[in-house]
Amino acid sequence: MIRFTSVSKFYPGKIPGVIDISVEIPDGEFVFLIGPSGSGKTTLLRLLTRDLIASNGSIIVDDWDLHKLTKGTVHLLRRKVGVVFQDFKLLLDRTVYENVAMVLEILGKPPKSIPEGVSNVLELVGLTDKKNVFPMQLSAGEMQRAGIARAIVGGPKILLADEPTGNLDPETAWGIIDILEEINKLGTTVIIASHNADIVNRMKKRTLTIEHGHIVRDEEKGHYHLTKHEKRDHKGGKHDAAH
Amino acid sequence: MPLIREVRTHIRRSPNQALAATLTMFLTFLVGGVFFLASLASVSILGFFEGKPQITVFFTPKAGQVEADSLKKKLEATGKVASTRFVSKDEALSIYRQQNQNDPLLLEMVTADILPASLEVSATDPKYLEQLAPVIQGSDGVDEVVYQRDVVHSLLAWTNAIRLVGGTLALLLALDSLLIIGTVIAMKVALKRDEIEILTLVGASPWTIRAPFIVEGGTYGAMGAALASLILVVVVLWMRPMLYAFLGMIPVLHALLVNATGPVFLLSAGGFFVGTILLGFVLGAVGSWTALIRYLN
Numbered sequence: 000m001i002r003f004t005s006v007s008k009f010y011p012g013k014i015p016g017v018i019d020i021s022v023e024i025p026d027g028e029f030v031f032l033i034g035p036s037g038s039g040k041t042t043l044l045r046l047l048t049r050d051l052i053a054s055n056g057s058i059i060v061d062d063w064d065l066h067k068l069t070k071g072t073v074h075l076l077r078r079k080v081g082v083v084f085q086d087f088k089l090l091l092d093r094t095v096y097e098n099v100a101m102v103l104e105i106l107g108k109p110p111k112s113i114p115e116g117v118s119n120v121l122e123l124v125g126l127t128d129k130k131n132v133f134p135m136q137l138s139a140g141e142m143q144r145a146g147i148a149r150a151i152v153g154g155p156k157i158l159l160a161d162e163p164t165g166n167l168d169p170e171t172a173w174g175i176i177d178i179l180e181e182i183n184k185l186g187t188t189v190i191i192a193s194h195n196a197d198i199v200n201r202m203k204k205r206t207l208t209i210e211h212g213h214i215v216r217d218e219e220k221g222h223y224h225l226t227k228h229e230k231r232d233h234k235g236g237k238h239d240a241a242h
Numbered sequence: 000m001p002l003i004r005e006v007r008t009h010i011r012r013s014p015n016q017a018l019a020a021t022l023t024m025f026l027t028f029l030v031g032g033v034f035f036l037a038s039l040a041s042v043s044i045l046g047f048f049e050g051k052p053q054i055t056v057f058f059t060p061k062a063g064q065v066e067a068d069s070l071k072k073k074l075e076a077t078g079k080v081a082s083t084r085f086v087s088k089d090e091a092l093s094i095y096r097q098q099n100q101n102d103p104l105l106l107e108m109v110t111a112d113i114l115p116a117s118l119e120v121s122a123t124d125p126k127y128l129e130q131l132a133p134v135i136q137g138s139d140g141v142d143e144v145v146y147q148r149d150v151v152h153s154l155l156a157w158t159n160a161i162r163l164v165g166g167t168l169a170l171l172l173a174l175d176s177l178l179i180i181g182t183v184i185a186m187k188v189a190l191k192r193d194e195i196e197i198l199t200l201v202g203a204s205p206w207t208i209r210a211p212f213i214v215e216g217g218t219y220g221a222m223g224a225a226l227a228s229l230i231l232v233v234v235v236l237w238m239r240p241m242l243y244a245f246l247g248m249i250p251v252l253h254a255l256l257v258n259a260t261g262p263v264f265l266l267s268a269g270g271f272f273v274g275t276i277l278l279g280f281v282l283g284a285v286g287s288w289t290a291l292i293r294y295l296n
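Sequence lines, in order, name chains X and P.
Using numbering that gives the first Met the number 0, you'd call the opening residue of the first sequence number 0 and step up by one each time.
Using numbering that gives the first Met the number 0, you'd call the opening residue of the second sequence number 0 and step up by one each time.
Pulled out of the complex, with its shape left as it was, chain P reads as follows (with noise of 0.2 Å):
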């Protein structure tokens, strides 16, 4: 028998089984999708973060290019300083207005008198910050010092939380899918347990026994995988106002969220989909081989 037709009158004859096998590789992956998502967002904020200059000094509204060029000389005698950019409060406007331009109401209450000028600063090693904190700090007109170091801490440990838990959570749905899975495949042997020894006395090969079985177990972790993913696109699209409007300002997030039918996203998402498709495959397929290894030799 054709080995797509043999496959489909096994899940036909066991619909129950079927459905317990397929709803757990769903939840595996819906769990998983869900921190893997989140754990590619997190790192992609993180990657933004770490590239922003490592220092951002904020002058009173008063205080403006003299300060910034008489800090940025100080800061160039003591040798340590890779880079500086004078960011004045006609340009932090027109960076915040491109950061808005979807919120007219925000645009209209902001003028550059009550943006700050600042100055973005980079150490030749990040060894060094602690050395220019005082520099900074004693500076005429400085109004506030940001670190990034400081949020890329921040952040660093939010991301390690989110791989761990969902990391762990993830690998022991898996090991739970591949163990019912393995289940349902051991019963589906036991039950078929004649068949089996008549093909083998009629001259078929080991793969020829064992192929339905894998395919079909590799078919559950792919109707489930493909219905989490399905799932985590559409919410994906559903949230995306909401996560552009938060995440917008990251250029990766931006352009995979700024059109949900631009290529960027219709690639992602396809990607995303396929693959999660073939890891279900794959993740059912092993679990069918570990219960033959076990049950057909």
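With the rest of the complex left out, here is chain X (with noise of 0.2 Å):
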């Protein structure tokens, strides 16, 4: 489980990140997190793996109180917490299989059991046939897709995926999340910062709007609200598609 109670983050120059955010998201949830570009969302996740840590606050997960955790522990945290990155953050100079393999050596697996736990984790993405590729002659969907499968070969308990569509294109966009809710259907909670109205509105699944920081909506089966700016966007792109 996920609690954040009260959690602010000012970066430096007291600029606010997120404030007074207080949210709790039970296991095996899948939610969408949404809103305009610098609202927070980002924040939030980093908040999650202690790539930052909150000015004020609590954040629980699991059994950790992130502001305890010490710089020689939060890689015990991080093993838990996969993620899912919109520039996929693959090593070029390693293979799909090596980029993957990697995480199982240093969660210590024995070094027999981890093709196996590859194999499995690329076949549930539909790599398989890729696993001796380098990243640089993969599609973005494959590399998200390889992105993915080294976040989960460890098991964590949480997928963190930050804009995990952004540079995809309608039909690859749906085949992540297609393996993202698979994911979550075996019991990873998974939490998905987006900006793609589409997936989000079909989707329907519990979704939490930020906007300048704060939480201002947290629906059930929510559906992407556009903001002012986005509707502007929005309706210069139907306009310039029309022409």
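No wet-lab data here; the hints were simulated from the structure.
Treat the hints with care, as some may be off.
Taking CB as the label site, the calculated pair distances span [to be verified]:
id: 1; chain 1: P; residue 1: Leu2; chain 2: X; residue 2: Ser138; range: 30 to 36 Å
id: 2; chain 1: X; residue 1: Tyr10; chain 2: P; residue 2: Ile292; range: 21 to 27 Å
id: 3; chain 1: X; residue 1: Leu91; chain 2: P; residue 2: Val233; range: 42 to 48 Å
id: 4; chain 1: P; residue 1: Pro1; chain 2: X; residue 2: Gly186; range: 54 to 60 Å
id: 5; chain 1: P; residue 1: Ile292; chain 2: X; residue 2: Gly154; range: 31 to 37 Å
id: 6; chain 1: P; residue 1: Thr8; chain 2: X; residue 2: Ser118; range: 21 to 27 Å
id: 7; chain 1: P; residue 1: Pro14; chain 2: X; residue 2: Tyr10; range: 40 to 46 Å
id: 8; chain 1: X; residue 1: Ser118; chain 2: P; residue 2: Met186; range: 33 to 39 Å
id: 9; chain 1: X; residue 1: Gly154; chain 2: P; residue 2: Pro14; range: 37 to 43 Å
id: 10; chain 1: X; residue 1: Asp128; chain 2: P; residue 2: Thr8; range: 24 to 30 Å
id: 11; chain 1: P; residue 1: Leu229; chain 2: X; residue 2: Asn166; range: 50 to 56 Å
id: 12; chain 1: X; residue 1: Gly154; chain 2: P; residue 2: Thr8; range: 23 to 29 Å
These numbers were taken from a predicted model, which means no experiment stands behind them.
Virtual Cβ for every residue (Gly too), placed ideally from N, Cα, C.
From these two lone chains plus the hints, build me the complex, please.
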């Protein structure tokens, strides 16, 4: 379970990241985190991996009070919280297999069990036939699937995805969301920060809307509320398309 | 990725930096090793002379046991003498033969007649040496008096000079090595910044991230030290006959140099080799560690 209690994060110069966030996410939930750019979505995810430390309030992830974690124990939290990035963050000089196997090696799994563990997740994300390929030889969608495989191979309880479909075409994006939903069905809590209104609206999952660092809406089967700015862009896009 | 494989990859991907770091370490250990061995030898020589009688009185060719007994009595009467030992011409020849057993030419030319008899004297306290000097000088048959104190003082000055110069030079080179290894590792950290970030995010422990860099630095140190100590052992082997001729009278060095395939030499060379490599590894690892403290926090 994840529990934020009155959490604020201010960057140097007192620039607010998130302000007075209180929210609870039970185990196994699928949650969308939406809001305009700079609203605080990424800050919230970075607080969850303790990449950032909250300025105020407390964050509890299972039994861990993140404020009390020391530098020497943060890695234990990160082994329970997998992260998928918009820009994939794959090691370009290693194959898909090596990128994924690296996590199991870090976890200290017996060498003999690693090939099977990697094969299982590559099968789940549909990359079995690309395991010996380097990231630069993959399409964007395949790279993201490799990123997901790496994030889940260690069996995390929580999976965070920061704009996982941001660089993908709609069809590929749906493929990624399907995989994340599949992972959620296996019991992993999935939290996705997204700008993709279509996906959020059609998935009908719990949706937290952040604006200016505050959670302004928390809906059980939420949908994407476009901001004025986004509405203008959206209309502009349609207008351009009509021409 | 297992540690050794990771370190091998690090080194293979930047051979020039690896070579620079290893050569610096090599130079440090070569110079340090030369001075270490010289210092060790001078300490052995010093110990040898310190253990010798404090005064050796050489008699004229015609003088012998009678003059020695007379002098012995005079010295014992002062109450300031701890022990005396008479070395006859025959005994002197025997010592000479033992010292030059490998050089038949030197043995052929010397007989007991041309070697002086001597009396070795040790005072109860070195401060009495000055008071005993006039007693000895005024005795019959005395040709030459050698005070070990002068030899020891001279050797001590040399030993201290070797230690000071060698120690300072080795220290400066060690500092230079630390800085070069630190710089090489800092460059590696900068090059691998993205990889380190990813490893951190997927749950690698601080040790998992640091270990390859520390072992890499240690490897440069160990390789440099191994090369330097190997060269020093080869040089000592090459110079062994000359060193033995010059320093063979000193028991410690005699035992070491008398047989290149004997257990003393092999154990000493092996110990020096392994000890130097370990020291090199530690020095390299410390260089890496200091760089990581600065660049990985």
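Margin query: Please list, smallest to largest, the hint numbers that this structure does not respect.
Written below: 4
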